[in-house]
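Working from the sequences, and respecting the hints, build out all of it.
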Amino acid sequence: MKPSFQEGGKFAKLQSVFDGFETFLFTPNTTSRSGAHIHDQNDMKRTMSTVILALLPCLLFGMYNVGYQHYLAIGEASAAWTSMFIYGFLAMLPVIVVSYGVGLGIEFVGAQIHHKEIQEGFLVTGMLIPLIVPINTPLWMTAVATAFAVVFAKEVFGGTGMNIFNVALITRAFLFFSYPSWMSGDKAFVKTDSIFGFGGGNVADGFSGATPLGQVATNAGESLGQLKDVVGGEITTMDAFWGFIAGSPGETSMVAILIGAVILLVTGIASWRVMLSVFAGGLAMAGIAHAFPSAAYPASFIDPFAQLCYGGFAFAAVFMATDPVTGARTKAGQYIFGFLIGVLAILIRVYNSGYPEGAMLAVLLMNAFAPLIDHLVVNRNIQRRLNRAKAK
Amino acid sequence: MATLIKLKKGYNLNIEGAILSDEVAQGAKASTFAVVPGDFTGIIPRMDVKEGEKVAAGDVLYHDKNFESIKVVSPVAGVVKSVNRGERRKIESIEIETDNSDSKKTFITKPTSAKALLLESGLWSMMRQRPYDIVPKPNAEIRDFFVTCFDSAPLAPSLSIVVGEKNKYINKGVEVLKSLTNGNVYLGCREGEEFEATGAETVVFKGPHPAGNAGVQAANIAPVNKGETIVTLDVVTLARIGHLFTEGYVNFETVVAVVGSEIENPKYVSSIMGCPVSTLVEGNMKSDSGNARFINGNVLSGVQIEANSYLRAPYRQITVIPELIKKDEFMGWASLSPKKFSVYHNFTHWLFGGAKKSNKVDARINGGERAIVMSGEYDRMLPMDIYSEFLIKAIIAFDIDKMEQLGIYEVAPEDFALTEYADTSKLELQRIVREGLDRMRKEME
Numbered sequence: 001m002k003p004s005f006q007e008g009g010k011f012a013k014l015q016s017v018f019d020g021f022e023t024f025l026f027t028p029n030t031t032s033r034s035g036a037h038i039h040d041q042n043d044m045k046r047t048m049s050t051v052i053l054a055l056l057p058c059l060l061f062g063m064y065n066v067g068y069q070h071y072l073a074i075g076e077a078s079a080a081w082t083s084m085f086i087y088g089f090l091a092m093l094p095v096i097v098v099s100y101g102v103g104l105g106i107e108f109v110g111a112q113i114h115h116k117e118i119q120e121g122f123l124v125t126g127m128l129i130p131l132i133v134p135i136n137t138p139l140w141m142t143a144v145a146t147a148f149a150v151v152f153a154k155e156v157f158g159g160t161g162m163n164i165f166n167v168a169l170i171t172r173a174f175l176f177f178s179y180p181s182w183m184s185g186d187k188a189f190v191k192t193d194s195i196f197g198f199g200g201g202n203v204a205d206g207f208s209g210a211t212p213l214g215q216v217a218t219n220a221g222e223s224l225g226q227l228k229d230v231v232g233g234e235i236t237t238m239d240a241f242w243g244f245i246a247g248s249p250g251e252t253s254m255v256a257i258l259i260g261a262v263i264l265l266v267t268g269i270a271s272w273r274v275m276l277s278v279f280a281g282g283l284a285m286a287g288i289a290h291a292f293p294s295a296a297y298p299a300s301f302i303d304p305f306a307q308l309c310y311g312g313f314a315f316a317a318v319f320m321a322t323d324p325v326t327g328a329r330t331k332a333g334q335y336i337f338g339f340l341i342g343v344l345a346i347l348i349r350v351y352n353s354g355y356p357e358g359a360m361l362a363v364l365l366m367n368a369f370a371p372l373i374d375h376l377v378v379n380r381n382i383q384r385r386l387n388r389a390k391a392k
Numbered sequence: 393m394a395t396l397i398k399l400k401k402g403y404n405l406n407i408e409g410a411i412l413s414d415e416v417a418q419g420a421k422a423s424t425f426a427v428v429p430g431d432f433t434g435i436i437p438r439m440d441v442k443e444g445e446k447v448a449a450g451d452v453l454y455h456d457k458n459f460e461s462i463k464v465v466s467p468v469a470g471v472v473k474s475v476n477r478g479e480r481r482k483i484e485s486i487e488i489e490t491d492n493s494d495s496k497k498t499f500i501t502k503p504t505s506a507k508a509l510l511l512e513s514g515l516w517s518m519m520r521q522r523p524y525d526i527v528p529k530p531n532a533e534i535r536d537f538f539v540t541c542f543d544s545a546p547l548a549p550s551l552s553i554v555v556g557e558k559n560k561y562i563n564k565g566v567e568v569l570k571s572l573t574n575g576n577v578y579l580g581c582r583e584g585e586e587f588e589a590t591g592a593e594t595v596v597f598k599g600p601h602p603a604g605n606a607g608v609q610a611a612n613i614a615p616v617n618k619g620e621t622i623v624t625l626d627v628v629t630l631a632r633i634g635h636l637f638t639e640g641y642v643n644f645e646t647v648v649a650v651v652g653s654e655i656e657n658p659k660y661v662s663s664i665m666g667c668p669v670s671t672l673v674e675g676n677m678k679s680d681s682g683n684a685r686f687i688n689g690n691v692l693s694g695v696q697i698e699a700n701s702y703l704r705a706p707y708r709q710i711t712v713i714p715e716l717i718k719k720d721e722f723m724g725w726a727s728l729s730p731k732k733f734s735v736y737h738n739f740t741h742w743l744f745g746g747a748k749k750s751n752k753v754d755a756r757i758n759g760g761e762r763a764i765v766m767s768g769e770y771d772r773m774l775p776m777d778i779y780s781e782f783l784i785k786a787i788i789a790f791d792i793d794k795m796e797q798l799g800i801y802e803v804a805p806e807d808f809a810l811t812e813y814a815d816t817s818k819l820e821l822q823r824i825v826r827e828g829l830d831r832m833r834k835e836m837e
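Chains S and U, in that order, give the protein sequences. If you read the first sequence in this note's numbering, its first letter stands for residue 1, the second for the next number, and so on. If you read the second sequence in this note's numbering, its first letter stands for residue 393, the second for the next number, and so on.
It should be emphasised that the hints constitute simulated quantities derived from the structure, not laboratory data. Note that CB positions come from ideal geometry on N, CA and C, so glycine has one too. Wrong hints could be hidden among the right ones.
What the hints assert, rightly or not - With the C-beta cut set under 10 Å, the calculated list includes, among others, these residues of chain S facing chain U: (1) Asp193; (2) Gly197; (3) Gly201; (4) Gly268; (5) Arg388.
To be verified - Below, in silico cross-link-like pairs of lysine-lysine (BS3-like), each with a Cα-Cα straight-line distance of 27 Å or less: (6) S/Lys390 / U/Lys718; (7) U/Lys401 / S/Lys331; (8) S/Lys331 / U/Lys618; (9) U/Lys785 / S/Lys331; (10) U/Lys834 / S/Lys390; (11) U/Lys570 / S/Lys390; (12) U/Lys834 / S/Lys331; (13) U/Lys719 / U/Lys482; (14) U/Lys719 / S/Lys390; (15) U/Lys718 / S/Lys116; (16) U/Lys398 / S/Lys331; (17) S/Lys331 / U/Lys529; (18) S/Lys116 / U/Lys785; (19) U/Lys482 / S/Lys390; (20) U/Lys401 / S/Lys116; (21) U/Lys400 / S/Lys331; (22) U/Lys794 / S/Lys390.
Right under this line is the structure:
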């Protein structure tokens with residue numbers, strides 16, 4: 001079968017795709033030709049699948065929570081958790097299929113054009129997209145945004161490992177700026193329709209799909225009003241910690257995110273320096289904001305710990321900022337990079353009334369600055385070397 | 393009092409096939425020996441002998457085209473059997489058929505001409521210089537000598553065993569080196585295996601591989617700067633130098649660690665430089681299925697050799713591992729098998745106490761070549777004040793200024809061997825560094 005997929009074969013146009021599937025199914029028998037005779041078992045496939053494994057808690061909880069918010073909205077909060085999960089599953093599956101279908105399709109074509117092996121980078125991106133796109137986003141929008149991001153944020157730079165901006169966040173940013181009415185407000189985060197007749201019901205009186213941070217942004221008065229769930233019930237920081245609040249599927253549960261963080265840190269795949277310093281930066285900025293509460297900036301009423309639980313902050317810290325390709329690559333640089341993301345995310349959230357959440361913009365902005373940070377760190381090393389030579 | 397330097401970066405790979413006893417067995421008698429010019433990086437050979445010519449042990453075989461005083465010599469007495477040439481008439485090996493005689497070249501040792509004697513005896517070509525990791529240029533001013541007294545690579549021999557009884561010549565060796573430099577002679581030792589010599593400074597290193605690399609030791613003692621030259625050698629060569637200046641002839645005997653999972657009974661074997669590999673492994677192979685990969689040196693920075701070829705520099709280790717343990721492994725990347733080893737914890741190996749177990753490894757690359765993705769991966773394997781990832785990128789782009797600024801003069805390909813092992817992107821780092829050094833040298837000369 002293999003020869004017909006090679007140069008000159010009948011299906012030569014599908015060579016990259018064939019190779020992709022072959023190396024997916026069978027570990028290549030290629031042995032070392034130069035240099036080291038033995039190589040570590042870890043490769044890009046394993047690395048990327050480890051990240052996907054770390055995303056699974058967020059994905060599973062996200063499915064459940066999509067269902068939970070739905071049943072809450074239609075006034076059937078007592079529905080079985082299995083129905084909630086199945087509803088969420090049905091709601092998210094099409095998004096996952098669209099994200100992978102569009103992204104991998106473009107990757108396959110790109111790999112074939114360049115006669116290269118298919119790179120695994122999109123496996124993670126394709127899973128991140130459904131987790132950070134509001135559940136009510138029409139599928140065609142997700143498809144257009146994914147295509148835009150993969151082509152213009154990644155392929156034009158040379159593919160996986162070469163991109164400057166986080167591809168999943170570019171997808172979301174594209175949606176955010178192109179279709180703002182779908183990205184925030186009442187309708188974005190809670191799916192109220194039935195899916196294939198499953199989970200039907202009428203929306204309860206007093207329904208409001210605004211996320212807690214959305215409510216904070218429109219808060220008026222000298223103190224913060226009680227945050228409410230989609231049908232007006234009270235919610236606490238603990239609800240946000242566990243994740244029973246409205247929001248993008250992957251970002252609501254701090255617990256699920258922390259499980260993912262543990263997987264990434266124990267396996268050594270993600271940088272603890274980045275993760276830690278994002279949280280440190282966030283806490284520091286939230287502390288400063290909270291120390292000077294002001295009615296003009298209602299988010300400053302939120303206490304620092306709660307700041308970290310609401311919105312996409314934790315998700316961005318664990319899964320977005322730690323993207324090694326778009327982040328700072330030197331150790332010292334990673335501390336600076338992470339800390340500034342944390343600070344900027346809360347800064348935007350609190351002091352920019354236009355955006356209730358700043359994590360996405362903070363990461364993208366710092367992506368742009370990461371090479372500069374590394375440049376400065378590496379330059380210090382260069383300077384050290386020059387001084388050493390001069391001292392002689 | 394010896395200085396202690398602790399290194400944190402690096403990794404000790406625990407590989408199957410280690411030697412358990414310090415005993416040294418006598419290698420089988422051989423009739424043919426060989427010298428491989430490829431071992432002496434930087435030398436362009438010009439033959440001094442012809443096929444069929446008679447040589448004594450220590451007689452010059454060829455010299456360098458650029459520096460005629462650099463010589464490479466025959467390790468045994470006998471007749472030059474063949475000069476094997478490859479593409480573009482490049483000399484691949486010189487085979488010498490021994491006559492089992494004891495005839496050897498002797499020298500009159502005068503303290504005034506230490507350098508000339510080292511060059512003429514062939515021992516000079518067993519040393520290396522930084523920058524470029526080549527045989528030292530005779531006209532360079534040597535800032536310091538760095539003598540590595542242990543080998544930290546996987547399954548590497550203990551150098552005190554390889555030195556053996558020659559260790560009594562170390563003092564003399566240091567004295568000779570001292571006469572060639574205004575700087576120091578550093579002995580980089582492992583804790584518990586210290587070498588001391590009058591006139592030399594002993595530095596003890598604590599930490600995982602590559603702590604035994606000359607480059608790593610130099611970088612942590614006194615890094616080489618632009619315009620400077622340092623010379624690196626191992627303690628075995630140092631002892632040989634001392635032996636030459638005491639006894640008047642070169643001692644070509646060596647002790648080889650024969651190791652690896654394909655070896656039935658890993659052990660030390662004593663022999664002579666350039667001996668046939670078969671005389672070292674004879675009767676000690678687990679199977680002869682043809683699935684074995686013979687490596688001269690260690691699994692990280694050694695060179696692949698044929699089973700019927702000869703022992704090459706640095707003449708102290710032969711590793712035999714399987715080429716392929718499992719053909720067409722199904723979805724190996726998703727494996728949960730505790731046998732799969734990784735420096736990352738995303739395989740189950742470490743959960744089952746894997747760090748203490750020795751692993752059977754084969755030569756598979758275990759993945760396809762990718763762009764550099766993981767950050768900090770290179771840095772944590774190299775205990776030098778160098779941003780290796782940025783250096784590698786500068787080499788690939790051949791940006792001379794950047795390479796210089798990022799420390800190319802301080803490194804040798806072997807320093808990147810462990811990094812190459814651990815690299816998720818499976819790049820051929822040692823080849824990249826070697827080519828970078830060669831191009832750089834061409835550019836600067």
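Any of the earlier hints contradicted here, and which numbers?
1, 2, 3, 6, 12, 13, 14, 17, 19, 20
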